[in-house]
Amino acid sequence: MTRQAVDRWLGAGVLAVIAVTAMTAWWLHRQVKHVPAGASIPVTVQATAYREITTIPVTIDQPAALMVDRGTVYIAGKKAIQKHRRRGPRMIGDDTPTTVSGSVTAITYSSASHSAYLAMHDAVTPWLEGVTQEGWPTQPGMRITGLATFEDTVWAADAGNRQVSGFGLDGKIIRTLAKKDEEKGIPGLLLPGGQFDLAVNRRGELFITNPGRHRIEVFDRKGTLLRSWGVASMQPGGFSGCCNPVALAVMPDGSIITAEKGRGRLQRFSDCGNFQEVVADLGKGDGFDLALDGDDILLLDVQAKLVRVFKRTVTE
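Letter 74 of the sequence shown, counting from 1, is numbered 74 in my numbering, and no numbers are missing.
Hints may be right or wrong, so weigh each one.
[Unchecked claim] The calculated lysine-lysine pairs, modelled on DSS-like cross-linking and capped at a C-alpha distance of 25 Å, are:
1. LYS78 - LYS311
2. LYS222 - LYS180
3. LYS311 - LYS284
4. LYS222 - LYS184
5. LYS83 - LYS311
6. LYS284 - LYS305
7. LYS284 - LYS222
8. LYS222 - LYS179
9. LYS83 - LYS222
10. LYS79 - LYS311
11. LYS222 - LYS78
[Stated by the list, open to error] Restraint-style ranges between C-beta atoms, simulated for each label pair:
12. ASP94 - MET251: 25 to 33 Å
13. GLY237 - THR55: 23 to 31 Å
14. CYS272 - LYS184: 15 to 23 Å
15. LYS184 - THR55: 40 to 48 Å
16. ARG70 - ARG203: 43 to 51 Å
17. GLU129 - VAL314: 19 to 27 Å
It is worth saying that the hints were derived from the structure and are not from the lab.
Being a predicted model, the structure only gives us computed values, none of them experimental.
Ideal Cβ positions, reconstructed from N, Cα and C, are used throughout, including at glycine.
Work the whole structure out from these sequences, hints included.
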């Protein structure tokens, strides 16, 4: 090849590179949304109005349940209940946990009977002034993973029978709900993790988690399904993993707090399911329960053996 031929070949190559570069720049130019000079480019920032203000070390074995009553935090687990009293930002704990006869899986308080109630796997037991009373008769297949009260009814999340059971204060079951019923539009509970949770708002509506369906379902006290919401998603407003949410609580303003295992994410929704905000995202965790102290959110983090206290720091 002569020198002139080489020069022509190199020149053509350079022109081709320039042409490709120009075409690429033109294509990229068409893909970019231009912002006027001096304007800011919008970015999405994951922010939260809450911060973790303190933690409570959990000293009992197999912690599973959390309750707050008149400023006292109760952490229940294997044959013991740990107590801490809030004094402003400080937590004052009892030196020795209170002993109970079995492993507690759920705990709640009833203002109607002025008594706490413990779930010990397959039975509900009144717990009055730290003394365990006679347990209520157990039901076949019952395995309780959550408790809540409204007026003179104690509601139990019965994962064994995949239903919610309502007890009168005499220990007799007066109603069951959330059982699969296609005619009534009730899909039934899917519980791959073997548990679900429930809470009651001031109107007496029951909010229950349906983890396998990634949904929250809302029932009235007669068992009518009022509404439901939820979608499987890692994005804010969705529920991640195989089976979430695993815990929930109702805020004083009626909004709903949910907790997801695996990711350790807390979210807040309106009582109709409109996503409002991410409260916290721990990034990991397995085993949670929720309780409230006014507007403060308490999370029992079983894996870390801590109760985490979150306070709102930004006013809406």
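Evaluation of the provided hints:
With a CA separation close to 29 Å, the supplied pair LYS78 and LYS311 exceeds the 25 Å bound. Of the pairs offered as hints, the one joining LYS222 and LYS180 holds, with about 15 Å between alpha carbons and a cut-off of 25 Å not exceeded. Distance check on the hinted pair: LYS311 and LYS284 sit about 20 Å apart at the alpha-carbon level, within 25 Å; holds. Distance check on the hinted pair: LYS222 and LYS184 sit about 12 Å apart at the alpha-carbon level, within 25 Å; holds.
Between LYS83 and LYS311, the direct Cα distance comes to roughly 20 Å. Compliance with the 25 Å bound is thereby established for this hinted pair. The straight-line distance between the Cα atoms of LYS284 and LYS305 is roughly 13 Å, inside the 25 Å bound, and the hint therefore holds. For the suggested pair LYS284 and LYS222, the alpha carbons sit about 37 Å apart, so the restraint of at most 25 Å is broken. Annotation: proposed proximity of LYS222 to LYS179 holds, straight-line Cα distance about 13 Å (limit 25 Å).
Between LYS83 and LYS222 the CA atoms are separated by roughly 35 Å; this puts the pair beyond 25 Å, and the hint is violated. For the suggested pair LYS79 and LYS311, the alpha carbons sit about 30 Å apart, so the restraint of at most 25 Å is broken. Simply put, LYS222 and LYS78 have alpha-carbon atoms about 34 Å apart, too far for the 25 Å limit, and the pair is violated. For the pair ASP94 and MET251, the supplied restraint of 25 to 33 Å holds, since their beta-carbon distance comes to about 28 Å.
Checked against the hint of 23 to 31 Å, the pair GLY237 and THR55 passes, with Cβ atoms roughly 27 Å apart. Between CYS272 and LYS184 the beta carbon distance is about 20 Å. The supplied range of 15 to 23 Å therefore holds. Restraint check, LYS184 to THR55: a C-beta distance of roughly 43 Å satisfies the suggested window 40 to 48 Å. In this structure the hint that ARG70 and ARG203 lie 43 to 51 Å apart at CB is violated, the actual value being about 23 Å.
The beta-carbon spacing between GLU129 and VAL314, approximately 39 Å, falls outside the hinted interval of 19 to 27 Å.
Comparing the model with each earlier hint shows violations of hints 1, 7, 9, 10, 11, 16, 17; every other hint is respected.
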